[in-house]
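Protein sequence lines, in the order shown, are assigned to chains A and B.
Residue 77 in numbering that gives the first Met the number 0 sits at position 78 of the first sequence, and the numbers go up by one each step.
Residue 74 in numbering that gives the first Met the number 0 sits at position 75 of the second sequence, and the numbers go up by one each step.
To be clear, the hints were calculated from the coordinates, so they are not data collected in a lab.
In this text the structure is predicted, and so the values were computed from the model without any measurement.
All C-beta atoms, glycine included, are put in the ideal place defined by N, C-alpha and C.
Possibly wrong hints are sitting among the right ones.
What the hints assert, rightly or not - What the simulated footprint calls covered on chain B by chain A, stretch by stretch (three residues with Cβ under 8 Å from a Cβ of chain A suffice, anywhere in the stretch; the number is not a length):
(1) 37 to 50
(2) 58 to 70
(3) 89 to 101
(4) 115 to 127
(5) 145 to 153
Unchecked claim - Pair by pair, the computed Cβ-Cβ distance ranges are:
(6) A:E20 to B:L67: 18 to 26 Å
(7) B:E104 to A:T66: 47 to 55 Å
(8) A:E3 to B:D152: 43 to 51 Å
(9) B:I121 to A:N153: 25 to 33 Å
(10) A:H117 to B:P150: 36 to 44 Å
(11) A:E20 to B:A65: 18 to 26 Å
(12) B:D4 to A:G156: 50 to 58 Å
Number of protein chains: 2
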Amino acid sequence: MEREDDITYIHRAIELARQGESSGGAPIGCVIVLDHRIIGEGHNSVDQLHDPTAHAEIVAIRRAGATLHRSRFKGATLYSTLQPCGMCSMAAIWAGISRIVYGAERDQVHQMYFEDRHLQTIDYINDAFADDLSLTGGVLGEACAGLYYRPTDNPPGDEQANK
Amino acid sequence: MEREDDITYIHRAIELARQGESSGGAPIGCVIVLDHRIIGEGHNSVDQLHDPTAHAEIVAIRRAGATLHRSRFKGATLYSTLQPCGMCSMAAIWAGISRIVYGAERDQVHQMYFEDRHLQTIDYINDAFADDLSLTGGVLGEACAGLYYRPTDNPPGDEQANK
């Protein structure tokens, strides 16, 4: 897949992130693409659905499964506005996704968006049985990072889920 | 919570695992308990739902959210027949679950049940921001391990999702 496609789909993910924020959630968006077709997309819906697992990536993965009527999506690319957290990285591995592309890097945003101190997405992937999953970060990185609290911001405690 | 309760709920998780197996899925069961009440339970439903995230623990977490109408379950205990995988461990952290109790240890079953080579549940927890999550393994361990392919078994390739 070309870099131009990457930018197109990260733009779509940003759009979804803004929709998520408008509906009261965290501004994180995700698109899953297979053979140049969007097979699933979503935004963080944890609070709206009372579902702690409803991160943008998980919502999109579920929809992709519903679209394809199967639970493995070999060859698919997952686009996210933010480096996927550990839960979502592992979900992508279980789904057999072949490529993850994201915008904002972990160190561009506040630590509240991640559940662990040290492990990066690439650590999960390196440690996984799957060795056919590639990772590309920083696509529209600053545009994506602008959606989030920055590292030195002091977000309200009640917005910090992992406290 | 007493050890006696742990055995009761792991027994219930084993029952759910068997139900899951009867309906064509992997034999993994999970129960979530808060204030001596089951607030969510489930079995692995990945193939039935075409949802790669529908591990027993995630199904149970979603149901707990629906029961409580919120996305954080402080004080809750998650019971699983098998050491939760990385995705489910992280989901428990996001859900604010206070205690994880499981039956079979990772080294009692085939590696196909896990998505990574090295990291154990305790590694995820130790590395997480949450330091208020305790972990107890080996409750009815052999009974639970008996539900799964063992380390030296050679399961059919098409049953091994993370290949």
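Cross-check of the supplied hints:
Against chain A, the segment 37 to 50 of chain B contributes 5 residues with a C-beta closer than 8 Å to a partner C-beta. That satisfies the three-residue criterion, and the hint holds. Given a C-beta distance limit of less than 8 Å, the hint that chain A covers the segment 58 to 70 of chain B holds, as 8 residues qualify and 3 suffice. Check result for the segment 89 to 101 of chain B against chain A: holds, 6 residues qualifying (beta carbon to beta carbon below 8 Å, three or more required). Three residues within the 8 Å Cβ limit are the bar, and the segment 115 to 127 of chain B against chain A gives 7, so the coverage statement holds.
Remark: the segment 145 to 153 of chain B is not confirmed as covered by chain A, as 0 of its residues place a Cβ nearer than 8 Å to a Cβ of that chain, below the required three. The hint said 18 to 26 Å for the Cβ distance between E20 of chain A and L67 of chain B, and at roughly 24 Å that hint holds. The hint said 47 to 55 Å for the Cβ distance between E104 of chain B and T66 of chain A, and at roughly 37 Å that hint is violated. The hint said 43 to 51 Å for the Cβ distance between E3 of chain A and D152 of chain B, and at roughly 47 Å that hint holds.
A beta carbon spacing of about 31 Å between I121 of chain B and N153 of chain A agrees with the range 25 to 33 Å that was offered as a hint. Taking the beta carbon of each, H117 of chain A and P150 of chain B are about 29 Å apart, not inside 36 to 44 Å as hinted. A C-beta distance of roughly 24 Å is found between E20 of chain A and A65 of chain B, which places it inside the suggested range of 18 to 26 Å. At about 32 Å, the CB distance of D4 of chain B to G156 of chain A disagrees with the hint of 50 to 58 Å.
Of the hints listed earlier, those the structure fails to meet are numbers 5, 7, 10 and 12, in rising order.
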